[in-house]
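Please build the complete structure, drawing on both the sequences and the hints.
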Amino acid sequence: MRNNVGHGPPGSLDAGVRPMALITSCLPAPVGGTAIQMSLPPSLPSLPIVAADVVRQFSRRGDLAQAQFLYGEVAQRMMGRLRYIRLQPAALLDAGCGAGASLPLLRDRFPNAAYTGLDAAEPLLAHARQAWTPGGVAAWLGRLAQRGKPAVSFVRADLAASGLPPEQLDLVWSNLALHWHPEPHAVLAEWRRILKVGGLAMFSCLGPGTLRELREALADAGLRTATPAFVDMHDFGDLLVENGFADPVMDQETLTLTYETPQRLLEDVRALGGNPARGRRAGLAGRAWLDRLHAALEARRGPQGRISLSIEVAYGHAWRAPARRTAPGETHLSVSAIGGRRAG
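For the sequence shown, counting from 1, position 152 maps to 152 in full-length UniProt numbering; every step adds exactly one.
By construction, these hints were calculated from the structure, which means they are not laboratory data. A portion of the hints provided could be inaccurate.
Said to hold, decoys possible - Distance ranges between label pairs, derived from CB positions:
#, residue 1, residue 2, range
1, S153, G305, 45 to 53 Å
2, R287, R212, 38 to 46 Å
3, P303, R156, 34 to 42 Å
4, R212, V249, 21 to 29 Å
5, R86, G286, 49 to 57 Å
6, G305, A161, 25 to 33 Å
7, A246, A288, 49 to 57 Å
8, S153, A288, 16 to 24 Å
9, E260, R287, 16 to 24 Å
This one's a predicted model, so the numbers in the text were calculated from it and none came from an experiment. A virtual CB, placed ideally from N, CA and C, is assigned to each residue, including glycine.
Here it is in structure tokens:
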């Protein structure tokens, strides 16, 4: 059993039991020493994440149903923040859409907006297309039911290289995806490129406090492995400004999941994305290694007899600025900004 006892309403978030074979691959094989979290340079030129491994790991996770206990909860919290913002987009992008789980939420909030879902993992997009853009008779009936409503489409692409036309979108929405890209600054630059002037980028991502208890247990057990490096929300605020966004708003909360067994905790770690950190060893963890980790997690049981796991979630939004000054006397103007001036 998994319980959410962090911010927001508490409640059971149970999921089905997954086979033991999946547990052994949720963490890399031991390399000796202590657990480490990769450090980040101040300028954040790149994160120690292997992009191909991110795609590979998420491609093995079906429709991400086992991770919806967190993805769905965070999406609802993002939508709660969005309700305070006046916005009626004609076109929006769901960046890192996975199997399209956010589509109903976005369509309910913005029924007149054309939806594009983007993800780098083709198996996830196949699930999304099957669920939301069916073929054959189902597609024909769907078109009749949706006649006059904006289109739904899915695109396979990297978050930092969408291939979409410039300045065509009013909203970029991204739920728990940005932290899996090795170059978040490039992703934000791409979002600025495809947003119209005054368009909104809204995202959630994992923060550095995520998996704290697991990293400590690895250290307690004397097990050395690289773990994902997550960016502090203040650094994301700086990156937004550096990449041409205005009035960034960042906030953070920590959700605490509690577990009855170490095995269940590790299953969820794998379901949420596993470990694509650069520097980990390939291969499955051995039984002796896992036994040491399980024992270290068991030793961390709290007063209620459960094992805690922290998930730090950062939320951010900012507006696409109309111009960017690059040097004294030099200003870059957007196409839509020029059009606006001409109309005046």
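How the hints compare with the structure:
no.: 1; hint: S153 x G305: 45 to 53 Å; result: holds (49 Å)
no.: 2; hint: R287 x R212: 38 to 46 Å; result: violated (26 Å)
no.: 3; hint: P303 x R156: 34 to 42 Å; result: violated (48 Å)
no.: 4; hint: R212 x V249: 21 to 29 Å; result: holds (25 Å)
no.: 5; hint: R86 x G286: 49 to 57 Å; result: holds (56 Å)
no.: 6; hint: G305 x A161: 25 to 33 Å; result: violated (48 Å)
no.: 7; hint: A246 x A288: 49 to 57 Å; result: holds (54 Å)
no.: 8; hint: S153 x A288: 16 to 24 Å; result: violated (49 Å)
no.: 9; hint: E260 x R287: 16 to 24 Å; result: holds (21 Å)
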